[in-house]
Structure formats: C-alpha cells, structure tokens
Amino acid sequence: MAESVAQPSQAGGAAPGRRMATYLYRRPRLALALLLAPPLLWLGLVYLGSLFALLTQSFFHLDGFTGQVVRRFTLATYADLLTRANLDIAARTASMAALVTLAAALLAFPLAFYMARYATPRARALLYLAVTMPLWSSYLVRIYAWKLILAKEGILTWFFARLGLGGLIDGLLSIPAIGGPSLSVSAIGMFLAFLYVWLPYMILPIVAALERVPRSLVEASSDLGARPAATFRNVILPLAFPGVVAGSIFTFSLTLGDFIIPGTFGNSSLFIGQAVQQQQGTAGNIPLAAAFTVVPMVIMALYLIGARRLGAFDAL
Amino acid sequence: MSAQATQPRAPLLLKLATACVLAFLYVPFLIIILYAFSTEDATFTFPPPGLTLRWFGVAWARDDVWQAISLSLRVAAVSTTVALVLGTLAAMAVYRSAFFGREAISFLLLLPLALPGIVTGIALRSAMSLAALPFSFWTIVLGHATFCVVVVYNNVLARFRRTSASQIEASMDLGATSFQTFRYVVLPNIATALLAGGMLAFALSFDEVIVTTFTAGQQETLPIWILSQLVRPRNRPVTNVVAVFVIAATFLPILLANRLTQDTTEVAGGGK
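Taken in sequence, the protein lines are chains A and B.
Using the numbering used here, the letters of the first sequence map in sequence onto residues 47 to 362.
Using the numbering used here, the letters of the second sequence map in sequence onto residues -6 to 265.
You may find that some hints are simply not true.
[Said to hold, decoys possible] Covered stretches of chain B (chain A as the covering partner; in silico rule of three or more C-beta atoms under 8 Å from a C-beta of chain A):
no.: 1; stretch: 31 to 39
no.: 2; stretch: 47 to 60
no.: 3; stretch: 147 to 155
[Stated by the list, open to error] Short, incomplete list of chain A residues facing chain B, as computed with Cβ under 8 Å:
no.: 4; residue: TYR69
no.: 5; residue: TYR71
no.: 6; residue: TYR164
no.: 7; residue: ARG188
no.: 8; residue: TYR242
no.: 9; residue: VAL341
no.: 10; residue: PRO342
no.: 11; residue: ILE345
Keep in mind that the hints were calculated from the coordinates and are not lab data.
Glycine included, C-beta positions come from ideal geometry on N, C-alpha and C.
Let the hints inform the model, and build the full structure from the sequences given.
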C-alpha cells in the first residue's frame, strides 16, 4: 500500500490502529463477526432468549393449591386455554381485526390511488408526509383524541344532533352486540379508534404497490378498448392487491395484540391482549399468559402463509 | 397541475374521497388542540363553553408531569444511542458481505417490531423475573432499544445501498485504513441517515407504552402517565395540555427527519 500518499491528519499517530485494521482486513470473517457480535448478542441472546423462555413457560403449569408454577413439561395449560370463554375471546379479537382491516383497506385505497396515479411529484411528497406523520406520532394521544370525540357530550354527538340525527346514534348504541352506554364505551367506538390508529399502515403499502403498476399496461388496456372502470377492475386492482394484503398484515397483527384500545373503549368482554395482561398481572398465571400469546402468533403465522401465497411480500 | 399534459386529471369523486380520508387523519389532532384551551375542566363538552390559556400554567406547575417527561427523555436518549450503535454495526455487516443467514438477520431485527408489542413485553418481563432482575431505568431501556434497532438499521442500510462502493474502494486504495475510511468516508455519507434513524428511534421510544407497561414496574414514563389518565381521567385539562405537548414533540422530529433524508439523496460523487 502506498503509505506516503496524503493521508487524513491523524494517520501518523495511529500505528496500532493501522496494524489492527490490516489484521482485520486480511480476516474478513473475523471483521464480520466483530460487526455482528453486538447486535446479535442483544437481539439473538436477550430477545430470542426471552421469547424462547416465554414459550417454555407455556408448557409449565400453575398449581391451583399452592399458586406456584410447576416446572415440569405438561400440556395442561394448553388444555386450559381451549375453554369456551377463551375461544370466544380469540374469535372476538380476530373478527374485530378482520373488520378493521376491511374498513382500513376501503378508506386507504382512494387516497393511495390518488397519490400514486394523479398527484404531482410535489403533492405526492406532501401526501406521503401527511400519511407518515400520524403513523409516527403518539399512539396514546391519538387514542385520547377519540375519547374526546366519542364522549357522550363530545363533538360527534353534537354534530349528529345538529343534523337532526341524534336518534341515529342512540339507535346504533341500543344494538346489543356493538352498542353500549355511550360511543366511547362500545364496540363501535373501539372499531373507530382501531381504524384511525392503524389506517396509515394500510395506506403506505397500497401506494407502493400502485406506484409499481406500469403505466404502459394501463395504456395498453385503454388502447384495447377497455373503459377506465374496466381497466381499473381488470388491470389495476389485481396488480395492487398484494399491496392491500401487505397492509392488512399490519392492521390485522396490530389489532390482534392490542390491549389498550379494548381497555379504553371496551366493556367487560375481553380481547386477547387484555386476557394475556390479566393472566400475567392479576391472576399471576404466567404459563397461561404465555400460552395465550401463542394464539395471536399462530393466527399471524397462518395469515402470513396465506399472504405469501397472494404475493404480499413483494409489495412490502 | 394543468401544465402537465401527461398527468391525467383525477375524477372529482376521487379527490373528494382523498380529502375526506385526510380530514379523518387530521381532525382528531385539531380537536385535541382545541380542548387544551377549553374552560371546562370536568367533561369533554363540545363546543367548549369558553377558551382560556389557564391550563398551560397549571400543567407547567405539575411535578409528576415533569418527572414523567424527564424519565421518558432519558430513556429515549439512551435507547437511541444503543440503537444507533447496534443498528449501524448490523447494517455495515449486512451491506458489505454476503454470508449465510444474512436474510435471517434482517428478519431477527424486524421481529420485535413485527410481533405484537404484548408478546415482546411479556417475554422480556418473564425473562427478567427468571433472571431476578429488579425493575429499573435499565429494564425500560432494554425493552426500548430492542425495537429501536431496526429503525436505525433500515435507514442506514438504505443509505449504504445508495452510496457508491467506489468511494470506499478509492479511500482504501489511497492508503486509508478501514477505521479511517469509516471516519472520513463512510460516516459523512451516512451522517444524515443516522440522524434521521436516530430521531425516528427517539420518537418510537418516547411514545412506547405497551412494552413499557411490562418492563417499568412502578416507574412512570410520559406514555404511562397518559395511559393512567385514559383509564381513570382525573386531570382532564392537564392531560389535554400534555397531549398537545406530545403532538408538537413528535411532529417536529418527524418533519426534520423527513427533510434530512430528502435533501441528501444526491451526495456529490455518490451516483452509481
């Protein structure tokens, strides 16, 4: 190596550093190992280790008499998991996640379509920022906003009353499964909060998918005589669908694991996240809590396998 | 817009739908800001009976709020620092060499963010109790840094992919050691990506609540304070003011991070 060539100022005093650099340069495997060791120690050992420990705990069992965890392999905890009440919790959470996902896709698509197809580059950059800002801003504050909006004396009730539709909200709230004493304590309120909080996660992948639809295909379709609506249905929508599936992974998974929104807007019927928290906290049944966390993971694993078939991973 | 002949015009209905979705995204923020000025202190009455600046003074004098903010800032600062180091190391390793398990590393880094927060939280909690680790400032940092790494990693890796490898080769050809190359060539190239990733990691940590509920014990970060107000609203006016503060504190770094990654996509000589 040409050592006499002009070098950065500190080179003269860095002889040991230079020797070490050369040593590492000749051993790329060692250099790689040194680079990877800290992040892998942290995430591989601490994080994966914790996950593994959690999984292990789900095969232990809580002794009903002593309240102690019995550290011996058993499937008894999983048997406890498969009770009617717990299956109801899983089904309730999964259907809420499905509804939120569907609604998010319906709301996200027009905005994403406008962004990808019609907006000028400048407007697109601004819209992109407008979508990412709520995504990165405070999750709790956004939930709190809906507590304000949905309150009995709040803006939504006021707005409907001004339109003379006050009876509509009362009517909705009197429906047993989705209603409640007020919008802020009802399944409708919970649904709106979920939809609001996760919507940006749906918009971004759809934009990415739509931007990748080649303009030439759209032009070819209209050259071949398809009306815009037919082009949209037969060309754009199928090509954008993987983006919708990719977005749905986020909205679905995030809804499955959340316990704060159900805790804030829900009543006594639990969601998976709340059940986990309760087993871990008040009930002190770590094995059952651990087994419960397996539920969203299994649902998500099935969902991801399905999403992969639909080509969602190319759109991320 | 009309100047661009190739740009098709959007149907009116689509424009309307776009505007509605944008309103849906932003009106809630405006409502929080409005409520922070409301004279009503016990309910969420709309329209507010009157407007006042009083609550900003009341919130300013609250010790519990300041303590929560201070804890959150310290946790976010330390977690971000850890994430910057670990994320950069991982990005350098993944970028410069192909090795067995490379994809697995990206997946591993993404996992804490991809799995529901409650899984990460409860896993760390039970590991801490197995290791008989008492709750402290560091247990919170442990949780936060874990999911912040991927943000830095993604930003830095994206920058590496846009940076020309020939710059690094030129530096080495001219006799710089790999440390000098890192200091004088690589670091200036990735500086803004580090800053942007760092700010996003900071925002993520400053706002995190789900993992924190499992790793904080009795300590109160700002999100935990807000959560306690959500569950049992005792200080509505103060909560409104704190919410406005949090909106400002998260929007500003995001705007800044956006600027930083936008303006520097073209580094001189960086084109491939």
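Report task. May I ask which of the numbered hints given earlier this structure violates, with the numbers listed in increasing order? Result -> Hints 2, 3, 4, 9, 11 contradicted; others consistent.
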